[in-house]
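Take these sequences, add in the hints, and give me the full structure.
Chains A and B, in that order, give the protein sequences.
If you read the first sequence in my numbering, its first letter stands for residue 18, the second for the next number, and so on.
If you read the second sequence in my numbering, its first letter stands for residue 18, the second for the next number, and so on.
Don't take each hint at face value.
Copies of the same chain are indistinguishable here, so a pair counts whether it falls within one copy or spans any two.
[As the list claims (entries may be wrong)] Here are the simulated BS3-like pairs of lysine-lysine, each with C-alpha atoms no more than 25 Å apart in a straight line:
(1) K281 <-> K154
(2) K154 <-> K288
(3) K40 <-> K288
(4) K40 <-> K154
(5) K288 <-> K264
(6) K281 <-> K40
(7) K239 <-> K112
(8) K112 <-> K281
(9) K112 <-> K91
(10) K264 <-> K154
Keep in mind the hints are simulated off the structure, nothing from the lab.
2 protein chains.
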Amino acid sequence: MNAPFNISLDAMGGDYAPDIVVKGVESARRRYPHARFLLFGDAGIIQPALDENESLAACCEVRHTDEAVTGDAKPSQVIRSGRNTSMWKAIESVKAGESRGVVSAGNTGALMAMSRLIMRMLPGIDRPAICSMFPSKVGETVMLDLGANAQCDSRNLVEFAVMGECFARAMLGLERPSVGLLNIGSEDLKGTDILREAAQTLRSSHLDMEFAGFVEGDDITKGTVDVIVTDGFTGNVALKTAEGTAKLFATFLRNAIRSSLMAKFGMIFAKPVLSQVMSRADPRRYNGALFVGLNGVVVKSHGGTDSIGFANAIGVAVDMISRDLNGRIGEQLDHLASQLAPRRPEDVTTSKSFEAESEAK
Amino acid sequence: MNAPFNISLDAMGGDYAPDIVVKGVESARRRYPHARFLLFGDAGIIQPALDENESLAACCEVRHTDEAVTGDAKPSQVIRSGRNTSMWKAIESVKAGESRGVVSAGNTGALMAMSRLIMRMLPGIDRPAICSMFPSKVGETVMLDLGANAQCDSRNLVEFAVMGECFARAMLGLERPSVGLLNIGSEDLKGTDILREAAQTLRSSHLDMEFAGFVEGDDITKGTVDVIVTDGFTGNVALKTAEGTAKLFATFLRNAIRSSLMAKFGMIFAKPVLSQVMSRADPRRYNGALFVGLNGVVVKSHGGTDSIGFANAIGVAVDMISRDLNGRIGEQLDHLASQLAPRRPEDVTTSKSFEAESEAK
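In structure tokens, the structure reads:
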């Protein structure tokens, strides 16, 4: 697990780049002394920042690029004309074998489209998914897809289940994570045909997997299962609804405390535990979504994150690399392939249709 | 607004019926002195409870039924053999013109199937939706569908927009509520074809409606728009995710306070405001989901609610009746019908396919 490896960073991606990237590496390098970092971006800014700190500079290498992907760039546009951007070069370095994974806080659609074009999919996977963790009463719940695919067929969901289960093993260190399919009731007859088909396949395929059937929206935070599988539309709405609800609660709390002198006094004593609650649900803790299903490790950081959040995103990449996520996914897919009919050609997303779809993201 | 009217109550529905129903009426009758209540259920239990309180008994009438719908009954089963249940009789009394609306804390699928069979749909509406409110930073956000239709076409979504807008006028007293379509991004190209079609219709139909385009999951609690329209699958997941997140936050808070003596001391002073926060997000405040689109007012209370929650569900029914929700929906639909092609026969859900679908809920 401690063999040294390189990680490529898109140093120009995100609202506060390259500052948060350099500072993020400074935190991450202490936690992951076996990692080295290739920083892609404007060397004129990045190199001086590194040179201020000798030990930091020692584990970093800057690769100059003149261009960067903007936040509003369309995926179809960047895959045509983005070859000189920091994001492209960072992904390309993984493909070239110079590093084992890439982290970017830049444009999500562009990162997905470029990664897919340059790295290609893992054999046997039709579409990549966005995978991350939610806090739950008992720890963390892994969930995917959080927004890569607005519409999915049952085979996509089965593949997401395989990938999410492998992510939970690598990220949470679980020996046998349980997997549920998100539905609007736990009975077998609920939901759409696609969900019923996916459940049927997961039950009958003899995959080495603890499939727990259907779960509902409140099971995300209950921690009923370790991994929750859904299409990218539902997953994205659930993620943003949960974030919004947590913020609402925090706002109500803050406003209520401000409105009362007694409460302000009480808070002098209660503040440390309140900070603890806030930190338990701190979005930076959960920063770093994996684009799973690609032939390489790609981690997307929130665009607005700070250096602590960016360091956590690097941590996700480190875990995926050290624990050989894609190796395990490959083994599971071999099981699946031996039991299911091969995908019909008309079911496989062509790069043309993917491009159109990325555009629509 | 103060003309007296009757409301029918399924006195046997819910985990704590008929107790919460009788006590709920006791709270509601003070708030709504112009309402009278028809209680359907076991007269041997209900009548003695009413007789303990003369003013309560004076505004109630008990209609004895021998049977009640169980929580696990299937919709297809109850519409065949549930004609003697308290739920059926309560709905039937609305159809017969004896009362203006019905409230039940019983089996959701059964209530929907029976209401649809007995009351029929409003002319021009293909499917009913479940409509309720979420707390937001600026007040309340109305959302529908929360689970009646796992799959919707674009015309369904347009009809939900019309009905949700009328609900917001009646419930929140807004003159011109704004309406958004739930999506995974606010750009016009995001999401599914169904969503883009629905947005196009809402933009071009010259409905008397403030259509604000696409919104995302976190806009529910931000209060970006007054009404959020989505299919029943996404809406149900969002509702349960929000409930789960609020509970998680409350649990973290409780556990953190318990774990620290200093915090416990501080809480002596801060408790009143914390209770205020909890009450701001109290699910009982938001109890009472309207089944909108039916030819009559049907309100579903949470099955596990107490009498305060049940009284709030009665309040939803009172508001819908007093403010003539269905009259306003009818006017808006006339606008819509003059501008859109009539539904093709193959698009209209037959009662047979509805039955099959209810079964799957």
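Here is how each hint holds up against the structure:
| no. | hint | in the structure |
| --- | --- | --- |
| 1 | K281 <-> K154 | between (28 Å within a copy, 21 Å between copies) |
| 2 | K154 <-> K288 | both (21 Å within a copy, 23 Å between copies) |
| 3 | K40 <-> K288 | neither (28 Å within a copy, 40 Å between copies) |
| 4 | K40 <-> K154 | neither (32 Å within a copy, 34 Å between copies) |
| 5 | K288 <-> K264 | both (18 Å within a copy, 20 Å between copies) |
| 6 | K281 <-> K40 | neither (35 Å within a copy, 38 Å between copies) |
| 7 | K239 <-> K112 | neither (39 Å within a copy, 41 Å between copies) |
| 8 | K112 <-> K281 | neither (55 Å within a copy, 55 Å between copies) |
| 9 | K112 <-> K91 | within (23 Å within a copy, 54 Å between copies) |
| 10 | K264 <-> K154 | both (18 Å within a copy, 9 Å between copies) |
Hint compliance for this structure: hints 3, 4, 6, 7 and 8 are broken, all remaining hints hold.
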